[in-house]
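**Student:** These protein sequence lines map, in sequence, to chains A and B.
By UniProt numbering, the letter at position 160 of the first sequence is numbered 160, and the numbering carries on one by one without gaps.
By UniProt numbering, the letter at position 310 of the second sequence is numbered 310, and the numbering carries on one by one without gaps.
Since the hints were made in silico from the structure, they are not lab data.
Glycine included, C-beta positions come from ideal geometry on N, C-alpha and C.
Among the clues, some could well be false.
Said to hold, decoys possible - Among the chain B residues that face chain A by a calculated CB cut under 7 Å, a handful are:
(1) D20
(2) T32
(3) Q191
(4) A197
(5) R203
(6) G207
(7) G294
(8) T421
(9) G427
(10) L436
(11) E438
As the list claims (entries may be wrong) - Calculated from the model, a selection of chain A residues having no Cβ within reach of chain B, i.e. all distances over 12 Å:
(12) I9
(13) G84
(14) S85
(15) F314
(16) I366
(17) L418
(18) G419
Number of protein chains: 2
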Amino acid sequence: MNAPIAPKILTRPTPPALIDALTARFGAQLSTAQAVREQHGRDESPFDVPPPSAVVFCESTQDVADAVKLAAAHDVPVIAFGAGSSLEGQLLAVQGGISLDLTRMNRILDVAAADMLVTVQAGVTRLQLNDELRHTGLFFPIDPGADATLGGMAATRASGTNAVRYGTMRENVLALTVVLADGRVVRTGTQARKSSAGYDLTRLMVGSEGTLGIITEVTLRLYPQPEAVAAAVCSFPDVAHAVDCTIALIQAGIPIARVELMDPGAVRAVNAHDHLGLPEQPLLLMEFHGSPAGVREQAETVQALAADYAGSDFAWADTPEERTKLWKARHHAYLSALQMKPGCRCVTTDTCVPISRLAESINDTITEADAAGLPYFVVGHVGDGNYHIGYLIDPAKPEERELAERLNAQLVRRALKLGGTCSGEHGIGLHKQGFLREEAGDDALDVMRAIKQALDPRGILNPGKIFA
Amino acid sequence: MNAPIAPKILTRPTPPALIDALTARFGAQLSTAQAVREQHGRDESPFDVPPPSAVVFCESTQDVADAVKLAAAHDVPVIAFGAGSSLEGQLLAVQGGISLDLTRMNRILDVAAADMLVTVQAGVTRLQLNDELRHTGLFFPIDPGADATLGGMAATRASGTNAVRYGTMRENVLALTVVLADGRVVRTGTQARKSSAGYDLTRLMVGSEGTLGIITEVTLRLYPQPEAVAAAVCSFPDVAHAVDCTIALIQAGIPIARVELMDPGAVRAVNAHDHLGLPEQPLLLMEFHGSPAGVREQAETVQALAADYAGSDFAWADTPEERTKLWKARHHAYLSALQMKPGCRCVTTDTCVPISRLAESINDTITEADAAGLPYFVVGHVGDGNYHIGYLIDPAKPEERELAERLNAQLVRRALKLGGTCSGEHGIGLHKQGFLREEAGDDALDVMRAIKQALDPRGILNPGKIFA
């Protein structure tokens, strides 16, 4: 089964009585304007789906609870909306319903610096959070590239460039406030670092893509800002050498903070977009965190290792400004690549494999992409075994989308055979449902469905996502 | 609501037809001998409950699946049994049923050294695993003290001395093979380090205490054996200073591998039992992992910090043998303490609080224990904010148990007020059900119940645990 090229639309009508009830409760916080609905009816996925029938701009957990209660009373779906940056169609109203925009819930509720914890409303973005944390000496490391909301990142189980050292949202969300399908509000954990008290509702909600509850508050682990930070660029003669070097450094147990692969296509794109002048060869962007001596020790070890794999001498980004420029460019890779082929859209893949199988996974993927002839770029959180190849397609040519999806299917199946997953960090949404079934199997999917049915018997929480 | 002193027994009969069917399927793998049943009818909790009606010695996932299917057909409970070291009554057959002994499932199935992963059968113990890993340069850090089985550790969401650096079973179980309530077998994850593919069934099963499925295989993350290891003992004038020093070192972000508190009662007990000659003062046992330079740097920083809190000069355990002796003694603390009062039993507590509140939590607990007059000892994984006070009670004197439970209730309520949890690592079992309700609230408990009902509608998987 390949990924669907057009998602199944099964719109449940929004009765006028619900709009009336929402208007009575929310007044100007409710919008049914076409432009607003359309803005909330798309994400970074390549799908076109009719927009939600209304948008509620929620300002509190109570707002979310009330909106959910009203929608539930009319059997109408609700979809939480943050930055709109999800990639797999998570936000699309395939069964109709209303969008709950949480971006006004952007308050940092409690910085518990002495416990290295923070509690935020779901609409706080990661850049906003780190801005506000700057004076505390702490930071929140998870960085999916986009300036996503922390609620959305939790719902998608996001990760990104720092995950190799600091883990993903799975490891860094300590507790959540969640609105259930019937509007009740639960807290899923405490502020203790660890707990064996009952089922792990926090981890169940993290990655559930809004299908089991709507996350309204997030308690996150923070880390001391490293005393020393060093970033370096190292070029390799080919992707295979860069990947082999990564495998070696991970196997050596070096606590590298970031190790990102860019193929020549990605380098060309960011050079064009961000005027970087990086050598247009496969390269690793790396960052080291620690004490000054620790960073020096790590960097020397990795430089020596890189030399074994024909890596260049490190080019250092020494100042915070240079580092910011470098990482911004990396984060722009997706947008930069889109600009290399005006009018194109991007079909992105997201497999993650055991680190020892990464080389064969990437090499075969590149061979297939070269043979197919679609323009593409590769970026990768390679320290985790996770990489993305983006195929640039002309949306007016269905055969290009079909070809890209065929390549995606091939690479996902290879990843599954290698012991990997179809999604390292983007989630399932609409796009990867067939792959999830292949990966997890029917029985595990039945377990997921049973949980969904138990917590959302009327199917109003982002229905049609993860599984149909 | 205080913890129940005697658990509610609600035995569901085991029909002879089930015993016949089990005999036909399992032959000599089935035992109904009184001694075998009694051995499988107790754990390290202070409860007395009638034993299970039979024990099946399972040798494969298929054995477990078949036993569960047969039990399900007769509506008879099943309880998985590993090392029998759980502390909160998790293994007790409060609703009757049969025990599935998994200790024969003790094979290491796959050491994926290049991916720093291992897959084991549920009955492999942590010491066995580390023994077999020795030649690989890797190790599995989670260490709850007892030589528990890895299936049991996963089911309890165990942690212990190394969790401050390496995390708990929550962070270190990558995937599971689980037998469901109807005997179907699911795999909950892949070998990829991270994944966003669907609901996190792994984390849902970890800590579910055998109530949602029976774990038969566990895939675990491994770590490189540190290049250098140093262990040190540091004495303090009182517990408050030792705890304040711990808080400071955690807040400084020092990646200490272990930092364990022992109060004078615990030190006296291990001195008597293991002939250690430690100064009978509050002390911290610490361990540092890293490169030789990194370990030196960490140790110097912590020694300087300890001096600020009136800590003694570090006494070093330099050789592996000395370190093993020290940690063995620490792990014997519970048994050593029991021997200080012959015939006694121990009521153990397990709260975990945010690190900044640890001092007030422990200090008030000690004040109350001193006032109550029961002998006690304190050990703590203080880097995580988790500690145990053990009250030594005379089982013949119900008033001592009542007093200990009263003290436990007081300290749990204090922990909850401080943002903590009633259980850092021992789980809920029978003993902490009232506390779980206070901690999670009725609505979150309803969510847990709904999940239980969805996955085990006939209530045959370790019924009566976590919630009634």
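**Student:** State for each hint whether it applies.
**Tutor:** Now the hints, each set against the structure:
1. Here the hint on D20 of chain B is broken, as its CB sits about 29 Å from the closest CB of chain A, past 7 Å.
2. For T32 of chain B, the interface hint is violated, the least distance from its beta-carbon to any beta-carbon of chain A being 32 Å, above 7 Å.
3. Residue-level restraint check for Q191 of chain B holds (minimum Cβ-Cβ distance to chain A is 4 Å; threshold 7 Å).
4. At a threshold of 7 Å, the smallest CB-CB gap from A197 of chain B to chain A is about 5 Å, leaving the interface hint in force.
5. A hinted interface residue such as R203 of chain B counts as satisfied when its beta carbon comes closer than 7 Å to some beta carbon of chain A; here the least separation is about 3 Å, so the hint holds.
6. Because the closest C-beta pair between G207 of chain B and chain A is about 6 Å apart, less than 7 Å, the hint holds.
7. For G294 of chain B, the interface hint holds, since its Cβ comes within 7 Å of a Cβ in chain A; the closest pair sits about 6 Å apart.
8. The restraint placing T421 of chain B at the interface with chain A holds, with a minimum CB-CB distance near 4 Å, inside the 7 Å limit.
9. Residue-level restraint check for G427 of chain B holds (minimum Cβ-Cβ distance to chain A is 4 Å; threshold 7 Å).
10. For L436 of chain B, the interface hint holds, the least distance from its beta-carbon to any beta-carbon of chain A being 5 Å, beneath 7 Å.
11. With a cut of 7 Å, the hint placing E438 of chain B at the interface with chain A is violated, because the nearest CB-to-CB distance is about 10 Å.
12. With a closest Cβ-Cβ approach of about 22 Å to chain B, I9 of chain A is found to remain outside the 12 Å limit, as its non-interface label requires.
13. Every beta carbon of chain B lies more than 12 Å from that of G84 of chain A, the smallest distance being close to 18 Å; the non-interface claim holds.
14. The Cβ of S85 of chain A lies farther than 12 Å from every Cβ of chain B, with a closest approach of about 14 Å, so its non-interface assignment holds.
15. With a cut of 12 Å on Cβ distances, F314 of chain A stays outside the contact zone with chain B, its closest approach being about 20 Å.
16. Distance check on I366 of chain A: its Cβ is at least 20 Å (rounded) from any Cβ of chain B, clearing the 12 Å threshold; non-interface status holds.
17. A Cβ of chain B approaches the Cβ of L418 of chain A within 12 Å, the least distance being about 8 Å, so the stated non-interface status is violated.
18. With a cut of 12 Å on Cβ distances, G419 of chain A falls inside the contact zone with chain B, its closest approach being about 4 Å.
Violated hints, in rising order: 1, 2, 11, 17, 18; the structure is consistent with all others.
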